[in-house]
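Undergrad: Here is what each chain is made of, one letter per residue.
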Amino acid sequence: MLNYIASLGRFGMHLIQQYGQAGVLLSRTLLRLPNPRKGFPLVVQQVYAEGVLSLLIIIVSGLFIGMVVGLQGYHTLAKFGASQELGPLVALSVVRELGPVVTALLFAGRAGSAIAAEIGLMKATEQLSSMEMMAVDPLQRVIAPRCWGGFISMPLLTLIFNVTAVYGAYLVGVKWLGLDAGAFWSNMQASVDFNLDVVNGIIKSIAFGFVVTWIAVYQGYYAEPTSAGIANATTRTVVYSSLAVLGLDFVLTTMMIGGW
Amino acid sequence: MLSQRTIEIVVGLFLLAAICALLVLAFKVSGLTTFFHSGGYRVEADFDDIGQLKVRSAVKISGVTIGEVTRIQLDPNTYQAKVTMWLNSYMNAIPDDSSAAILTAGLLGDNYIEISPMYSHTFLHNGSEIKDTKSAMILEKLIGQFLFKINGGNGDKTSTEKSTGDKK
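If you read the sequences in order, they're chains F and R. In terms of numbering that gives the first Met the number 0, the first sequence opens at residue 0 and continues consecutively. In terms of numbering that gives the first Met the number 0, the second sequence opens at residue 0 and continues consecutively.
Don't read these hints as lab results, they were simulated from the structure. Virtual Cβ for every residue (Gly too), placed ideally from N, Cα, C. Treat the hints loosely; a few may be bogus.
[Said to hold, decoys possible] Below, a sample of chain F positions facing chain R; criterion: calculated Cβ distance under 7 Å:
(1) G50
(2) L52
(3) A90
(4) L91
(5) V162
(6) M187
(7) Q188
(8) V191
(9) F193
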């Protein structure tokens with residue numbers, strides 16, 4: 000009996016230790032003043048690796064999600080004779096919820112796992128230790144650019160996802176099912192508010208980008224330096240960041256609807 | 000591995016695409032035009048009841064949108080709603096004795112202001128006021144008036160009828 004309580008306590012302490020480690024890693028990475036001349040090209044490289052290379056999957060899934068929401072929404076709205084309201088339905092659901100969440104999930108799978116695997120392999124092959132031997136801070140050289148790359152890429156990818164999804168719905172609703180283009184856009188403009196809907200979606204995507212990148216970097220940096228350890232780290236990155244995104248989305252939505 | 004310059008160009012294009020996406024979201028999706036009311040003029044009108052009229056509701060003549068509502072305030076002296084609307088500058092010849100009515104698009108749609116032009120030879124200009132206004136049609140008030148009319152103003156009859164109906 001006491002053993003079980005002890006193991007529970009050990010688990011709890013381990014958990015708190017992990018949170019502490021993650022916090023220390025983040026503060027050491029971000030609070031130290033970077034050298035802009037050396038750091039900027041590294042950040043650009045990471046924006047390329049995490050943002051530009053994720054663009055294809057983001058655009059394709061945005062287009063298809065927009066088309067599917069348009070199709071489903073049209074057939075449900077048509078039952079009430081309200082198919083003119085397809086524009087607001089698609090725009091609000093995409094801009095408020097689907098855009099930030101789906102982009103964050105795809106980003107965790109596409110870029111987060113890559114960050115974790117790369118840093119984990121660097122650690123396993125002792126590249127990080129050799130950097131320290133050369134008096135190069137691996138947090139500044141390796142971790143910080145990946146963090147900033149993720150923070151910058153995620154909101155930009157969300158914006159692109161939102162626009163492709165809206166145009167996907169436009170393709171299905173207007174070009175295929177024959178809704179009136181003017182009604183589609185003007186109803187959308189009448190019910191979508193820039194500050195309440197678009198900006199809140201962007202705030203969500205910033206928060207998700209922060210969380211996903213943080214988890215990926217932490218899992219990579221503290222991965223067990225074996226091949227199984229790296230496999231675990233990538234798996235945990237995707238699982239934890241997906242769960243964190245969904246949980247955080249609920250909290251943020253409650254705060255935004257409750258008016259803070 | 001691409002050269003640093005190629006990467007920078009591609010990242011620049013990525014940023015440009017994202018900025019374009021933001022502009023599309025702002026202007027095409029959410030219709031953010033309230034910051035750009037440069038070419039146009041403002042007109043005021045007092046209504047007894049504005050119903051569900053909101054800021055950014057449309058202002059129309061013969062069903063064609065020519066402007067939008069920019070501000071709704073309650074006049075503390077007359078207890079009327081003071082509605083400020085912005086009209087596009089190409090509609091600069093609206094007679095100043097025109098009337099403004101709050102109508103509803105469809106059965107359950109949004110409210111909008113419809114301006115009916117009259118015959119005066121002086122026109123509305125920046126800061127002028129539309130005097131002749133018609134309030135929004137409120138369904139509950141209409142039903143109330145209708146019930147009052149069919150009973151010939153005899154309120155007791157309905158209450159007795161209702162109570163007997165309930166007993167059955």
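Undergrad: Now look at each hint and say whether the structure bears it out.
TA: So, going through the hints one by one against the coordinates:
no., hint, verdict
1, G50, "holds (6 Å)"
2, L52, "violated (10 Å)"
3, A90, "holds (5 Å)"
4, L91, "violated (10 Å)"
5, V162, "holds (4 Å)"
6, M187, "holds (6 Å)"
7, Q188, "holds (3 Å)"
8, V191, "holds (4 Å)"
9, F193, "holds (4 Å)"
Consistency with the previously given hints fails for numbers 2 and 4, ordered from lowest to highest.
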